[in-house]
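Now for the letters of each chain:
There are 2 protein chains.
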Amino acid sequence: MVQIPNTPPSASPGPRSVPTSADVARLAGVSRATVSYVLNNTSTVRISEPTRRRVLDAARELGYVPHAAARSLRAGHSRMVLMPSPAAPLGPLYGRFVSELQWALGRLDYTVVQYGTTAARGDEAARAWAELRPVAVLVPGTELGPQGVSLLRRSGARAVVTLGPACVDGAHALLMDQAAVGHAAAAHLYARGRRRIGVVVPRDPALETFSRPRLDGARDALRGTGAEITELPLAWTEEDAARLAARWTGLGLDAVFTYDDEYAMLLMRALQDTGVRIPEDTAVIGADDLMLGRLLRPRLSTVRVELPSGADLAALVDRAVRNPGAAPETHRVLGARVVRREST
Amino acid sequence: MVQIPNTPPSASPGPRSVPTSADVARLAGVSRATVSYVLNNTSTVRISEPTRRRVLDAARELGYVPHAAARSLRAGHSRMVLMPSPAAPLGPLYGRFVSELQWALGRLDYTVVQYGTTAARGDEAARAWAELRPVAVLVPGTELGPQGVSLLRRSGARAVVTLGPACVDGAHALLMDQAAVGHAAAAHLYARGRRRIGVVVPRDPALETFSRPRLDGARDALRGTGAEITELPLAWTEEDAARLAARWTGLGLDAVFTYDDEYAMLLMRALQDTGVRIPEDTAVIGADDLMLGRLLRPRLSTVRVELPSGADLAALVDRAVRNPGAAPETHRVLGARVVRREST
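Chains as they are written, first to last, in full-length UniProt numbering: chain A, 1 to 344; chain B, 1 to 344.
For reference, chain A alone in the conformation it holds in the complex (with noise of 0.2 Å):
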């Protein structure tokens, strides 16, 4: 049967022999506030030397750890930035951003905490996230929406921050245009005299987040121009690929934008089994610039994407906390260049 909630946190007995701060104040021969004081490092109450000393070393003898979740109950708020795994495997550029970010959250003393990906979707994982009440939320991708970001704020989160294609109402905005990597590999390719461009879209649900836009983006390059764009779905098999590459020459395409740089070497080295010449038949160009598009012959052309820095987005993030009643801002963060190698 469960305990109702207006027992004191510290004074409920914990499983087995976990210690408390009441445990501490005992040892300690001083009153459980001071206690309290003394290990929240609270810079307006003057605790004698010698007092702070006999809380600690009591507190270390004991193996006395605070608990988060009743400190953040007493603060009112906690120092947890909740960030809901993304549903796709994101590739290597945006794990490398979500360290960066991670790492510098933790030098402004928050705890980066990654909810795990389940069942639940959009404003019923938002409950779900809610129920930590972490003081922030940086959510990637599409599945929210006002109502799951009006009961993030409701619960108590501070600052609600998207990381995607569109703003939501009442929540901060990282706009991540992915449409801006289509367009630039696009007009690349048409800059270079190509006109019957294939576009590959993964087969994978999971990305199409990012390969719609990548490919409205491409047409919206060419719109007006002649050039024809051909839309080309593709599985993350050899098989699929070497499918593909048999009907390679009746498509009478001239250059192939590859979605990413993985999915372009799967489908150059379908091509160049079967005889294509890139990038004389087709021009080959991908996105993401990984190192693998350097190792490839020809070395690939690719669309460099371009993320915020995280300590710039940890500092937004904590300007939010600090001031939770400003206006949502927007940023635009992602940028698209294309690098051109030997493929286009």
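If you're looking for bench data, these hints aren't it; they were derived computationally from the structure. We treat Cβ as the ideally placed atom computed from N, Cα and C, and that holds for glycine. Some clues are possibly wrong.
To be verified - Just the calculated beta-carbon pair ranges, DEER-fashion: (1) B:332 to A:249: 46 to 54 Å; (2) A:51 to B:323: 39 to 47 Å; (3) B:252 to A:236: 35 to 43 Å; (4) B:223 to A:49: 58 to 66 Å; (5) A:22 to B:26: 25 to 33 Å.
Given the coordinates of chain A, work out where chain B should sit on it, guided by the hints.
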């Protein structure tokens, strides 16, 4: 100034106007205990259906979200499984394993929380994890010592599970012995008639946890055979690979185990660019069995690394949480199997 801890959580004023269970009780016209019974789905107390409905409607109307922290304080433990992010970027194989594990734990009603990498290491990091009062902790790598395990246990974690090369006192261990990978690679090269075998050791210090045992495993496999191992430090850059390739002939090697498939791609490219024939002059084997190995020419031989299934690990965690007093279990979980293709 901090509030002292003996204020009941749900009576403490939230930041701005966060709805509390007291608000729900008031609107529904029931006691706070009843709200708690309904929202925690307590089966030991019978609540009439109209009352249950009134509480749920009131909670919905107010946008009330239960506080996981308060709930865990009441229940004495949480459903949070904490998983510190590994210090090194561990590649797609490990990424897939983690998301499978998160999914499996989610199905058992645990919330998986990944704790971001911070400056804190070892037992100091354990203290930070303990503050979140997880019911279980899964620690990849080698940093946690017996003191850290004991601190986590004292703070209420019912299970601590390490995923790494060695056991730690007091913790369950999933032994992932990377030496098996190097052993399999070297034994394969030896069986193919190679006797002067290079082993690539990435210069990236974050990869040492993996590269050292892989090297040691290769040495073990060849001990007493008369075959020789040459250690080859290599940075993840084209320049360093080109430097190594330039002095390749002088090294007199007839085979190389490249740490993993990505380093294989890097080194194979540099070797092929300087005219080394693979496998005639030098046999090459990688590890991890990534897609890219199948796309290289010649197709890359590799060591396929088999990790435990996420479902098995989730079941172990659940068993340990239900029976926190049981003796720690140790399982060897890393399998290594050579997949021979064209490069050896």
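Earlier hints that do not hold, by number: Result: no hint breaks.
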